[in-house]
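These are the residues of each chain, in order.
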Amino acid sequence: MSDLLISCHGLTKLYGHKIALQNVSLDIGRGRFVGLLGPNGSGKTTLIKILCGLLQPTAGDLSIDGQPVGVHSKSIISYLPDRMYFADWMKATDLFDLFSDFYADFDRQKAMAMCASLGVDPKDRLKTMSKGTKEKVQLVMVMARKAQLYLLDEPIAGVDPAARDFILNTILTNYNEEGTVLISTHLISDIERVLDEVIFLKAGQVMLHNSVDNIREQQGKSVDALFREVFRTVPLEGGER
Amino acid sequence: MLRKLLKYDFRSMGKQFALLWPAALVLALVNRFTLPGNGSGFAGETLGFVAAMAYFGVVVALFVITLIFVIQRFYYGLLGGEGYLMHTLPVKPWQLVASKLICAVVTSLISLVVAFLSMFLLMPISWDKLLTTGTFTALRILVTERPDVLLLAVEILLVFVAALSAGILMVYLAMALGHLFPRNRVAGSVLSFLGINIAVNILMSAAATFIPDVNLDQWLTVQQSAHVSMWLMTLCLAAFAAAFFAGTVAILRRKLNLE
Chain C
1 MSDLLISCHG LTKLYGHKIA LQNVSLDIGR GRFVGLLGPN GSGKTTLIKI
51 LCGLLQPTAG DLSIDGQPVG VHSKSIISYL PDRMYFADWM KATDLFDLFS
101 DFYADFDRQK AMAMCASLGV DPKDRLKTMS KGTKEKVQLV MVMARKAQLY
151 LLDEPIAGVD PAARDFILNT ILTNYNEEGT VLISTHLISD IERVLDEVIF
201 LKAGQVMLHN SVDNIREQQG KSVDALFREV FRTVPLEGGE R
Chain V
1 MLRKLLKYDF RSMGKQFALL WPAALVLALV NRFTLPGNGS GFAGETLGFV
51 AAMAYFGVVV ALFVITLIFV IQRFYYGLLG GEGYLMHTLP VKPWQLVASK
101 LICAVVTSLI SLVVAFLSMF LLMPISWDKL LTTGTFTALR ILVTERPDVL
151 LLAVEILLVF VAALSAGILM VYLAMALGHL FPRNRVAGSV LSFLGINIAV
201 NILMSAAATF IPDVNLDQWL TVQQSAHVSM WLMTLCLAAF AAAFFAGTVA
251 ILRRKLNLE
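Protein chains in written order, with this note's numbering: chain C, 1 to 241; chain V, 1 to 259.
Only chain V is shown next, with the shape it has when bound in the complex (with noise of 0.2 Å):
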């Protein structure tokens, strides 16, 4: 069933972001093209000024219609009246709040991606400066020489998507307990957020304070302290993403009042 809601909430992404994300990286290779003194001798800061400006434009676009779009799937879609199709499909809660989470990680991903990639087209970079034999030979060198760079890569990435989990079902926990209040249900949305923001700081400094420091190092050479951080990193991002998960799905379950 986790499927078939999947194919449903990545086709109402397809949706939103088919002209997006290509308007995106056109936006971007036609700056490259249009700006000022690329190619007419006007050199220096004031073409890296004017490039960094429209990138920081167009990532700005892409964050805020990502995060806009994160925080309207799983509003509309549970809590509002799209909830009514939702919730009365044979299919448990869990299933309802995974599917949103799924495709708003995936979404969030695809959209880093494509700024990243419209970064690459806007900047005057010379490819054939620097796709040159010294350039794969310098990163031959690199795996070779620190096999595990490319396991610290992954590692990196999943801290990246635990963290991402986690701060998106933060988002849901909020709308979910905000749906609980009588009335001003957005205000009180924005409230929890703040309100679990401060719990989960308590926390950590709680943890900070009775965990007692210690230092990897001794036990450890450099490079397996950076990768038990990473899982450290990892595993803790995890419980709170798993904690959030819970919550949201216990109030679905115990508590839905679509009024």
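Here chain C stands alone, though its shape is the one from the complex (with noise of 0.2 Å):
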């Protein structure tokens, strides 16, 4: 078993003329819970993408778990995409029974247990359920399985506050703790307080990768505020004249 979970150097992704990610190295050991922080349109979703073989990079290299992307990384790692992935015909139990099937670290009673507490019905049809009940069935398939990686795509965009912390507990009271969760967002005042390291993207490049304490010791100030001061913008007053 390698030491580091996650390994790249050097990842470029191009969209014809456009850069999504350039040049990004990264190292990430096990047992973190990293935030992959950085605005709209700065990477986030790509390198996410790139790490669990959705996207091919366009040029540097990429492990995970000391292997290439494939068959091995993709049975570790658990990904919570930033859409919904359900063939309509689909109940939750049929993905149960799917996730039972092809991952041997997906815990089916656990993932019933948490329907309940999360007042979902498995056995209603996927299709006919609202979007929210939606993303709590792909949330539960996610977090009920004892990954070594978990990928989490924006899980705490475009929900209320009392949503956010309710996705954030169950986020923070199932993962597997010897795993690593790296969660992407820019609501970043609502977890700071659960993140051992961060890594600020921006335009497609690492701004920044350091842990939270080291952060607050050597910048004295809070993740958030440094977030804001690295991806200010200034407004434009007045116009031209």
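Just so you know, these hints were derived from the structure itself, not from any lab. Misleading hints may appear alongside valid ones.
Claimed, not checked - BS3-like mimics (lysine-lysine), calculated; alpha carbons at most 30 Å apart, straight line:
| no. | chain 1 | residue 1 | chain 2 | residue 2 |
| --- | --- | --- | --- | --- |
| 1 | C | Lys-131 | C | Lys-110 |
| 2 | C | Lys-134 | V | Lys-129 |
| 3 | C | Lys-146 | V | Lys-92 |
| 4 | V | Lys-15 | C | Lys-18 |
| 5 | V | Lys-92 | C | Lys-91 |
| 6 | V | Lys-4 | C | Lys-146 |
Assembly of the complex is requested from the two constituent chains, each provided in isolation within its own frame, with the hints serving as guidance.
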């Protein structure tokens, strides 16, 4: 087992002529809660999709648990995408069957218990569920695994503050503590208290990768405050004369 | 892992066709008894025309729905939203494509069988006249005199399955190529399909020009020649299918771009 869970060097992704990621190099260990922070369009989703094999990098090297992205990496990654990925005909129980078949670390009983506590009937067809309920089902599937690496893409975006607490609480009380959680968001104040380290992404480049303790010690400010400083944009005042 | 993937692809197929296939058969059966003139003296052309139109409708509906199913299961299942689930499963890309292909071929074959069955149900066939001792005797004589007729039937089935697989894989490859377009991926898929068709036609024309015209009859009997032709056709179609399969898998493995 490699000490490093994620190791990437010179990772670059171009969409045509547009640069989505530029020369990203990161080493992330095990048992860490990592915030992937950056404004919209900074490359967070692109990086996560490359890590789980949904996008191919234009250049650079990447290994997960010491191996290139492939069957092994996919077996240890639990991925929460920023969209729904269900087929219309499925019920949550069909998805639990599927996860039980393909992931040795999926705990079906835990998934059923989580559904019960979240007020979701897993025998309902997904097609008939509300968007919020579907998101809960997707969260249940991801967190009912004892994965080595959780890749959570904007799990708290677009929901009200009460739902944010609820989602974060579900993540915090269910993840495998021996594994690493990489959570992307731009809502830093909500998750700062749980983070071990942070990565700031700006225009596809890593601006900062450090532990939260170091940031507080060296910079004398919170991650949220530092984020606002790094990503501050000056509003246009007055316009052209 | 392929077996597990097939389980879910077939489950999806079952949800889609669980009502449609029985409905087609029931519709054919109902039409048989409700057709004008059935048993009331109306004879000949009118009855034949109405029955043929009703049957044609059922076959077209089955064909269109099967085609849509084959395209949708690949497009949405691997290149659309569901792709986020399927491509993060710990399986190899060839297994994903093979599972979709096997399910599509089986679905198409069942639809074909249902279409044939519905034809028999629809047509006012007198089974008691058809299934006489004479029919079975004629079949027995045929099989005794031409024992290779059963082999020929299997060979025709093989050619058909190979042609079906090659056709489905051509559509898959076109969608995979269309997915490489930065925008207008559906249009890209259609253009790719036309492009592949043109390339195949050029290849076939070149093959016809450069490969000498060999008359098998000089070495083989007519019967042997028929068998060899069937196997050559199967091999040729299988080669195209293999090339389309390899191309599709290569794109999913090296160029997957689920934006």
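Results of checking the hints against the structure:
1. Distance restraint check for Lys-131 (chain C) and Lys-110 (chain C): the Cα-Cα separation of roughly 22 Å lies within the 30 Å cut-off, and the hinted pair is therefore satisfied.
2. Taken as a hint, the Lys-134 (chain C) and Lys-129 (chain V) pair is broken in the structure, with Cα atoms around 59 Å apart against an allowance of 30 Å.
3. Annotation: proposed proximity of Lys-146 (chain C) to Lys-92 (chain V) holds, straight-line Cα distance about 22 Å (limit 30 Å).
4. Distance check on the hinted pair: Lys-15 (chain V) and Lys-18 (chain C) sit about 42 Å apart at the alpha-carbon level, beyond 30 Å; violated.
5. Taking the CA atoms of Lys-92 (chain V) and Lys-91 (chain C), the gap is near 25 Å; set against the 30 Å cutoff, the hint holds.
6. For the suggested pair Lys-4 (chain V) and Lys-146 (chain C), the alpha carbons sit about 21 Å apart, so the restraint of at most 30 Å is met.
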